[in-house]
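Chains as they are written, first to last, in this note's numbering: chain G, 164 to 502; chain L, 6 to 307; chain R, 2 to 286.
FYI, nobody ran anything at the bench for these hints, they're computed from the structure.
Wrong hints could be hidden among the right ones.
Keeping only pairs whose Cα atoms sit at most 27 Å apart, straight-line, the calculated DSS-like set for lysine-lysine is [stated by the list, open to error]:
#1 R:K102 with G:K169
#2 G:K415 with R:K127
#3 R:K147 with R:K127
#4 G:K415 with R:K151
In case you want the letters, here they are:
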Amino acid sequence: MALQSKLASILGVLTSLLLTFIGLTAITFVIGRMMPADPVLAIVGDRASQEVYDQVYLHLGLDKPVYIQYLRYLEQLVEGDLGTSIMTAQPVLDDIIRFFPATLELATVATLLGIFVGIPMGVLAAVHQGRWPDHIVRVISLIGYSAPIFWLGMVALLVFYANLGWVAGPGRLDVYFDGIVEPVTGVLMIDAAMSGEWDIFYNALSHLVLPASILGTFALAYIARMTRSFMLDQLSQEYILTARVKGMPEYKVIWGHAFRNVLVQLITIIGLTYASLLEGSVLTETVFSWPGIGQYITNSLFNNDMNAVLGGTIVVGACFVGINMLSDLLYRLVDPRIR
Amino acid sequence: MSTEATLRGWLLAEIPKSKLQARCQRVFIGWLDFKRNPIAMIGLLIVLGLLVIAALAPWITTSDGLELHLADRLKPPSSEHWFGTDELGRDIFDRIIWGSRITLYIVALVTIIVVPIGLLIGTVAGYMGGWVDTVLMRLTDIFLAFPRLILAMALVAVLGRGLENAVLAIALTTWSPFARIARAEALTIRNSEFILAAQMQGISTVGILARHVTPLCMSSVIVRLTLDMAGIILTAAGLGFLGLGAQPPTPEWGAMISLGRQYLIDQWWVPTIPGIAILVVSLGFNLLGDGLRDVFDPKSGN
Amino acid sequence: MTDSTLLSVEDLHVTYNTPTGLVRAVSGVSFELGREKLGIVGESGSGKSQTGRAILGLTATGGTVSARRLEFKSTDLLNASERTMRQIRGGGISMIMQDPKYSLNPVLTVGYQIEEALLVHNRTSKRVARERTYEMLRAVKIREPKRVYKAYPHEVSGGMGQRIMIAMMMIPEPDIIIADEPTSALDVTVQLQVLAVLDDMISERGMGLIFISHDLNLIASFCDRILIMYDGRVVEECTAAELDRAQHPYTRGLVNCLPRLDGGQDELSVLKRDPSWLTTPGATR
């Protein structure tokens, strides 16, 4: 019985996902059609004959009513056809696949930082509410999500790279090492480790540290703040008194009881964080010249490569929606109260 | 008895004698509550400071921040140029002050677009229920599920670069939470007796929504708006940084950082100081928002 | 102090420092508890719950506890180390709270929570702990212990939840149990069941009980001795049988407020509060 209702709620979430995704594509479709530039001219050039123009016009299906165009668009999306990039003359999808792992690498490391530093910070602040650990955590947290992330990145580059020389500079790898490692997963560090090229590994690491830390600070600030809020809420509940009445040591009360209740809510928060880091990386990548999807979209934008921009938007948007849905699903599976 | 004492007495009277007095009393008591929180007061000061600086700009600055003085380019902070000069010799202090007007402009513009749309959609959805609710909420969820910056970028790509387009793009991705809040409120009071009374009086749906439902949403909306404002300012700065917002020579803080980026190492003040300005304003709105939330909704974790 | 006295409380004070001034939750409460059922009756704010928490050393932050004597089986509770207190909590003195919806951890199974109470005080294997948990569930008249063991708090009814609470608090075999409004959140029919279970276990194990409630009738029928509290102090102490002959005006007021099935009243009397009750030191026998 419980399984049935669980399946029903999972189905509900998936339907939601589908509808949201359709909405996403509708919006990008509309944006694409809003382009002031003539899509046909973009392909044939302005010196083409009327014949060629007409041919391409029909080929693109621009004579058909809007909803048929939209359906065609959806069809193409499902087949993985995101159009061709004007810049690189490659299918947009291929370009995106090439650039995506870099962003994933950045976002993943940053989220992990946010989790493993942010959560303990939040718990610490809640347990010592009103005293100095709480104040320190709140200040760090506040600065972390009030600061413009690109500015923070620049200042960090100035201090840690230019002045202190502790880490490597912009880019993913020193030019010296470029192209040596075979891209298997696309994640440089894993690839380098796999082929035993340890100096490349360390070089990649030192390039990753700063941008990941900057993005991570943002993640950390948000996670710490939410964890603190959730913990404070739980610590004022009656079952905490019960746990203490049983004679449990304080650390068990905090982590075994209060935190267990917070964990469920944190899943949603972590999902949200990861998703927003995917788009936060746009700015970080620009500052650190990190060749990820953020840079890709930005560059395409400046080159008026609309297919690339929209393709990138759809992919990032889809990931965003997907991650949020995934964390929602996970939440329902883990919380015993939702059954 | 002094006027201050009479005013205070009027504000603290046990039984208000008019609607105006009741309203003022509520605001006053909320203010007393708010005052007790020093951190929130700092936030308020910063935001007020922003308003004051923007208003007094013509009197505080020595130039309009737009003129070029190539002979003075890239000078470090000094008594003559408090924040130094940028790559075109413009006084950075002046540009920051003028830039505060742009920041306020962004805040105002987004508010004007986002709040009415959010309130309208939310109250209608919550009050009418049924398929209207479902459709509107689906719409809201779609926009809510969007990555804000990326969508803004795509919109700007199409609409063209410029401050207004950037603001429009931001507004389109920011209205969703307000619709949700308004809907939640509308749902809660939909079946209340006073709504029933209003309906029986023959007040139209529009009238009910406007005069009864909407005012009740306002406090939550204001809190949420203030809290989101920091994020909006950061997104606008981000767009400016990418060159998609206000175009040169407008002294928008994000654009200033972008233009000054190449001088980061030797003339650090050029890109760094605008960033500090953004940080301070964003911080101000966050602190203010936190403080307001504590006054209106004290059980959320503080 | 005689051999059978488990708990001695002398001149207990619990004060809170609030922005609006000093709040005296408990002002000079004294009593002794042996292996008997003591009821503490009072209205909200009389300090009865605060007394219970103070005994366990679990007064909320901001509160200060002081007393001339606070002893449990010759251990000084006032100056005991946190370690000692943790041993006493659960193992010596335990507490049952009002509403199992809130007093049980919603994301842990019932069985886990009961086992936990045992394992904190006894180093046994998991298997033994589980067996003891089943035993305990049976002892509180829960018929399918294995099924309930795996259940979550929101899946059981109020009455069952309270019995689970009782099981959880009794499993480490304390000497005293404090029951803070244990039946106030339950339906009347279920109340009797839960009280019956509680009564059985206390008699079997020869424990001491402090029953805190606002329900004078309930306490009069359930307990041996009664303490009446008003505004942080004890205004009357008597045995349940002597309640009719109570002397303090507040107690008389409370007794008279109770509607009687054998009739004779046209109007229920209303309790009139006399400010002098606030200043007279607690009357004792």
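Consistency of the hints with the structure:
| no. | hint | in the structure |
| --- | --- | --- |
| 1 | R:K102 with G:K169 | 23 Å, holds |
| 2 | G:K415 with R:K127 | 18 Å, holds |
| 3 | R:K147 with R:K127 | 15 Å, holds |
| 4 | G:K415 with R:K151 | 21 Å, holds |
Hint violations for this structure: none, all hints satisfied.
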